[in-house]
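Student: Residue-level listing of the chains:
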Amino acid sequence: MSRDTRALPRQDRRRLELEQRREQRRRPRDDRPSSPLRSPIVLFTIGALAIGAVVVGFALLGQPRPPSVDDLIQPTEIVPAALADGRTLGVADAPVTIEIWSDFQCPACGDLARRIEPPTVSTFVVPGTVRLVYHDAAFQGARVGGNYDESVEPAAAARCAADQGLFWQMHNWLFANQSGENEGAYNAGRLRAIATGAGLDLATYDTCMATGDQQAAVGSETSAARAASINQTPTLIINGVTYVGAPSNFAEFSLVIEQAAQQ
Amino acid sequence: MITRRVAARPLLGIHPAIILAILDIIGLLVAGYLAVVELSGRLPACGPIKGCEEVALSQYNNFAGIPVAVFGVLLSVALLSLALAWWKTDIYGLLLGHYGLSLIGVMFDGYFLYLQVFVIKAVCIWCVTYEVSLLLRFLIAALVWYRQPKPEEPEAPE
Chain A
68 MSRDTRALPR QDRRRLELEQ RREQRRRPRD DRPSSPLRSP IVLFTIGALA IGAVVVGFAL
128 LGQPRPPSVD DLIQPTEIVP AALADGRTLG VADAPVTIEI WSDFQCPACG DLARRIEPPT
188 VSTFVVPGTV RLVYHDAAFQ GARVGGNYDE SVEPAAAARC AADQGLFWQM HNWLFANQSG
248 ENEGAYNAGR LRAIATGAGL DLATYDTCMA TGDQQAAVGS ETSAARAASI NQTPTLIING
308 VTYVGAPSNF AEFSLVIEQA AQQ
Chain B
2 MITRRVAARP LLGIHPAIIL AILDIIGLLV AGYLAVVELS GRLPACGPIK GCEEVALSQY
62 NNFAGIPVAV FGVLLSVALL SLALAWWKTD IYGLLLGHYG LSLIGVMFDG YFLYLQVFVI
122 KAVCIWCVTY EVSLLLRFLI AALVWYRQPK PEEPEAPE
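Note that the protein sequences, when read in sequence, are chains A and B. Note that my numbering has the first sequence beginning at 68, numbered continuously upward. Note that my numbering has the second sequence beginning at 2, numbered continuously upward.
In case anyone wonders, no lab produced these hints; they're calculated from the structure. Here a beta-carbon is modelled for each residue, glycine too, at the ideal position from N, C-alpha and C. Some hints here could point you the wrong way.
According to the in silico footprint, chain B covers these stretches of chain A (three or more CB under 8 Å from chain B) [as the list claims (entries may be wrong)]:
1) 107-120
2) 124-131
3) 189-198
Simulated restraints on C-beta separations [said to hold, decoys possible]:
4) T130/B - G307/A: 28 to 34 Å
5) R43/B - E325/A: 44 to 50 Å
6) K89/B - R77/A: 57 to 63 Å
7) A143/B - L269/A: 44 to 50 Å
8) I50/B - N316/A: 45 to 51 Å
9) V311/A - Y115/B: 44 to 50 Å
10) D230/A - A46/B: 28 to 34 Å
11) I15/B - S290/A: 53 to 59 Å
12) I15/B - T274/A: 38 to 44 Å
13) A175/A - T130/B: 47 to 53 Å
14) P174/A - V120/B: 25 to 31 Å
15) A79/B - I113/A: 15 to 21 Å
Full structure from sequences and hints, please.
Tutor: So, in structure tokens, the structure goes:
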């Protein structure tokens with residue numbers, strides 16, 4: 068199509084070049100060799116893949132780490148392991164028996180476990196005056212429904228710990244890491260991290276949790292609590308006398324224990 | 002070219018945008034239910050199937066502090082808008098938009114399914130329903146594009 072314009076006079080050459088350019092502009096675009104990369108579907112696919120990769124990349128970067136023991140609060144209380152027997156703590160012939168009906172999710176139970184129980188253990192359990200007996204009244208998780216109950220699962224985890232002789236260690240770790248109700252504080256991953264902190268053998272723990280037997284046992288004991296008109300946690304039964312709620316301070320609680328011991 | 006109008010080739014005797022819109026509404030209902038339940042601090046109902054609660058309680062169920070289901074709602078609203086706009090206007094680019102946006106969603110859902118299976122170790126049936134609906138939307142948009150006359154081509158005789 069294009070002619071050699073070098074032999075023409077300068078003005079004619081310029082005019083011819085302009086005409087050639089105009090002709091090129093007039094040509095339909097489809098005359099140009101089309102690249103498959105210019106197809107809209109290819110452009111949309113590449114664009115979507117790129118945006119999708121960025122979105123997934125951001126999600127991966129912002130992905131929280133799986134819960135680990137390092138993220139948890141380590142309880143400071145030391146369990147007198149020699150006095151522990153399953154879910155009881157203290158000598159069998161102690162003059163005072165305190166039955167604690169509790170829910171690992173209930174804030175008042177957490178307050179009792181963190182503030183009142185440690186001095187009770189050192190002042191009354193270790194010398195042989197008091198024996199603590201823990202019972203499940205797993206009420207809080209039922210409020211939201213569903214198959215994963217955040218009251219039943221930690222209680223089952225504590226029973227699995229009891230099978231390994233570590234109930235009270237697990238009890239302390241659970242209450243130290245209580246955080247909100249039905250908000251994932253005791254999701255399966257965090258419970259495993261708590262179990263690790265309490266020193267459980269994880270393979271045995273996983274098998275124990277998977278059977279569902281301990282969850283069923285928690286359910287049975289919770290039903291027994293309701294049948295016994297225990298509708299609030301914590302409920303303490305001290306030598307048969309029922310006290311509802313956590314004691315306001317240890318001094319007041321000491322008086323109740325001393326009175327019970329004298330009777 | 003993507004702003005040109007091209008009459009859609011019917012799929013199952015109807016405008017394919019209607020099929021996409023129906024799937025978008027299903028996805029919107031599922032994601033809407035999960036978003037409302039999770040934002041109100043409750044757990045989704047799973048019936049006899051376990052898994053929804055564990056996924057809902059998982060720390061991976063939030064992205065930038067917002068439940069993943071909320072993003073599912075936004076995506077479904079955007080996809081539904083594109084499907085309805087394509088139905089009403091036959092603008093070729095709207096079909097491509099539905100295709101591209103659903104592809105982005107499929108990629109994220111693939112990642113979220115990986116988290117459920119391998120990290121959380123629990124699968125939420127509601128999430129899987131949404132993921133299947135999104136995959137169908139992407140595949141149908143791709144099929145419709147494949148069958149659709151392109152703006153530069155003459156329409157194939159029916």
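Student: Tell me the numbers of any earlier hints that the structure contravenes, in ascending order.
Tutor: 3, 4, 12 and 13
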